[in-house]
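Residue numbers (the working numbering), protein chains in the order written: chain A, 6 to 434; chain B, 6 to 434.
Keep in mind the hints are simulated off the structure, nothing from the lab.
None of the values given here were measured: they were computed from a predicted structure.
Possibly wrong hints are sitting among the right ones.
Intra- or inter-copy, both count: the list cannot distinguish identical chains.
What the hints assert, rightly or not - With a straight-line Cα cutoff of 30 Å, these simulated DSS-like cross-link-like pairs (lysine-lysine) come out:
id : residue 1 : residue 2
1  : Lys7      : Lys416
2  : Lys368    : Lys291
3  : Lys138    : Lys291
4  : Lys284    : Lys138
5  : Lys159    : Lys214
6  : Lys291    : Lys375
7  : Lys33     : Lys138
8  : Lys368    : Lys429
9  : Lys159    : Lys434
There are 2 protein chains.
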Amino acid sequence: MKNIYEDLSREELQRKCEELHKEYVSYKELGLRLDISRGKPSHEQLMLSMPMLDTLHSDMDYLSEEGIDTRNYGALTGLSEAKRLMADVMETRPENVIIFCDSSLNIMYDLITKSMTHGVMGSTPWYRLPEVKFLCPVPGYDRHFAITEYFGIKMINIPMLEDGPDMELVEKYVSEDPLVKGIWCVPKYSNPTGTVYSEEVCFRFARLKPAAEDFRIYWDNAYNVHHLDISRPRVIPELIEECCLAGNPDMVYKFASFSKISFAGSSIAALATSEANVKDVISQMKIQTIGHNKINQLRHVRFFVDRIGVMNHMRKHAAILRPKFEAVQEVLKEELGGTGLGTWTDPEGGYFVSFDTLPGCAKKTVRMMKEAGVVLTGAGATFPYGIDPEDKNIRLAPTYAELDEIRQALKIFSCVVKLVSIEKMLEEK
Amino acid sequence: MKNIYEDLSREELQRKCEELHKEYVSYKELGLRLDISRGKPSHEQLMLSMPMLDTLHSDMDYLSEEGIDTRNYGALTGLSEAKRLMADVMETRPENVIIFCDSSLNIMYDLITKSMTHGVMGSTPWYRLPEVKFLCPVPGYDRHFAITEYFGIKMINIPMLEDGPDMELVEKYVSEDPLVKGIWCVPKYSNPTGTVYSEEVCFRFARLKPAAEDFRIYWDNAYNVHHLDISRPRVIPELIEECCLAGNPDMVYKFASFSKISFAGSSIAALATSEANVKDVISQMKIQTIGHNKINQLRHVRFFVDRIGVMNHMRKHAAILRPKFEAVQEVLKEELGGTGLGTWTDPEGGYFVSFDTLPGCAKKTVRMMKEAGVVLTGAGATFPYGIDPEDKNIRLAPTYAELDEIRQALKIFSCVVKLVSIEKMLEEK
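Chain A with its partners taken away, still in its complex shape:
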């Protein structure tokens, strides 16, 4: 889209700049303290799960359906009913599921650690290799990139297209380079772009021909049931099955958690993968722990019951979140629509809106927002090593704040984007 300020004279731009600066100063003087930086559920969302706390009082039954005392040691890989619930949510089978503690990030971290020290299904431990590489669709999730950076794994940017990562590039790297051991994916309502991988993209993932026997797709389906309009949920192919059909039965690790369904950080998380991978993971897990919190598993099963229970619950989440995402779109359209100063996503689910400024404007925008009392995700955070090559991507996280706060934050954001863009244009004139 054409930048509507492009044809203005230096004087006209300067005048505009002064106007915007006045507006910016007036915002600063409000002394706001807003935070739309992280994908946190709001108070209202958390209240939805409060009845879960009442599913296990002291006078209630604490046994699992198999008669396991959930208050004692045992059941390393989780209660059967918890596996069933998770399998339901993850669209796979209970025998493919291991239930962990409260964080799916922790599962991913542990898998990479295990691969570093012990390899994957008997492959060479990665620390013995001259180099290990991961493909990183960008923009992506900062905490994914932090794990691979921590282990010195070389990250390769893969552009995110409309329907998923650039599969031509992915196929090339994966099939040609045996040091490419993995790829980070958030296949539905991706963080931060909201992208839903197309069927075509998913099928191409399943049909990859990796040069490395221990290449794995880290399929972090964190937002699988986090639709903004539950009457029109997006559905993508189930990758364990697809990989199996394509002759790559062990190529995918799927992740999910209830963190943004029940309580963030106090829920249950899971890995779903082939039975051979499950066996491989257990060989490590049984050394690491005696078993995870089964009481919390029982609470989740009692409260959510099954996929229907989860979907009914997510409908209520959607009702809270939809107006917030709509507010973001409204303000951005009103303030920046048609200006050509930025593009942004309009997701159908997930927790984020991804905004691209003109090249070279993201860092300054985030800094000026902070000075005006509005915290955004750090510019660059959505890229490996924190380096956005074009310095243009900004992640907006509208779930936690109140509706009027979001409107206000986006109003200020729009002002700052305009101001920074025009200042940049003036510099370059």
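Fit chain B to the given chain A structure using the hints.
What follows is chain B alone, placed relative to chain A:
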């Protein structure tokens, strides 16, 4: 003690053997299914903590004392009040404490993993070294040894004496060999011997002069408040403070959990260590997770309040456990006392009784017990690599079973010990 069968003739021994075999067969015919293999709390113990489930219902306050919403992300290292409670139990200060999930074993595993891949406070990652060694007081805890074995760390047996590990050997290894990076310790009511390290031993630990800058004492004080007679608790020196005074401020990692205080596997666990170590651990932890289950932390704080609350609670545990441990002593004394066929510990706390048969009799004893329907911890499990050089140590875990089951199991055990010992003597005659 003299073996009273030693002077019997071959015929007398054979007669005795036949008698015992008849007794053994009669036990077998009972078709029992008893298990005294693992240190699990009993049903009655678990019931003590049921009111904890009522400390957070849906209509109750879910905020921490600092106003943190325990249902949302945040507070990576734990709630302040949870750190205070843990510090209280661990006899240290809240700033030395990090609260984790439900398993202290998992913390130990993660620390060893981190040391393998990233070293300790900037030291060379262990996987880059030609070899890494750990000292292992024996008999000891099988799950400790499993971790070091998993990482290919060479384990060196250190005899456990009356008042703790053989410190002369420990000092020699630690001061002379820079590849010795750690030692596994359960300093109070040790697993399985029940040993309480003496002040002298603790002070010698604090004053070690390690050849390796990244040597750490893995001080797993799992049974710190698990006294059998709470009116006479054993108290040992606090090692973070002692190490600090001795000029080794960062030499110890202390571990504890509520697994055998509240619910096994569904409680909270902690690391206590120097502030410099805390910082080092956080550098890894912040990559691994967003934070652990704070709702469970809040429940524990509300139910136990402080050290006094914990001690009152542990008094009730002791009242349940004491008769079980007394029963073990009674039966063993009655059946094997004065025979010279075995020696055993009489612990003042913890979860185990350690039994030594005559050399070469442990494996066969455990196998014959299993055939009679009584599961014991595998012989050898209390030694690195599962190898008990003298094949004599057997761990008895009397906490989980009912009193009459324990008596019966120990009665059968005594019969089998006698039978196996005499068969062995016959072989050697």
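Worksheet item: For Lys368 vs Lys429, is the C-alpha pair at or below 30 Å within one copy, between two copies, both, or neither?
Response: Answer is within: at 12 Å inside a copy they meet the 30 Å cutoff, but 79 Å across does not.
_For Lys291 and Lys375, with the copy left unspecified, which applies at a CA distance of at most 30 Å: within, between, both, or neither?_
between (46 Å within a copy, 23 Å between copies)
Problem set entry | Identical-chain pair category, Lys159 with Lys214, by Cα at 30 Å | For Lys159 and Lys214, the Cα distance is within 30 Å only inside one copy (21 Å; across copies 39 Å).
**Study point:** Copy assignment of Lys138 with Lys291, given that the CA separation must stay at most 30 Å
**Key:** Both: 28 Å inside a chain and 22 Å across chains, each within 30 Å.
With identical chains treated as interchangeable, where does the CA-CA distance between Lys33 and Lys138 reach 30 Å or less: within a copy, between copies, both, or neither? neither (44 Å within a copy, 59 Å between copies)
Cα distance capped at 30 Å. Does Lys159 pair with Lys434 within a copy, between copies, both, or neither?
neither (38 Å within a copy, 67 Å between copies)
Between the shortest in-copy and the shortest cross-copy C-alpha distance, which are at most 30 Å for Lys7 and Lys416: within, between, both, or neither? within (22 Å within a copy, 90 Å between copies)
### Query
How would you label the pair Lys368, Lys291 (within, between, both, or neither) given a Cα cut-off of 30 Å?
between (45 Å within a copy, 24 Å between copies)
Check your understanding: Given identical chains, is Lys284 near Lys138, meaning Cα to Cα at most 30 Å, within a copy, between copies, both, or neither?
Key -> both (25 Å within a copy, 28 Å between copies)
Going down the numbered hints, you'll see the structure goes against 7 and 9, while the others check out.
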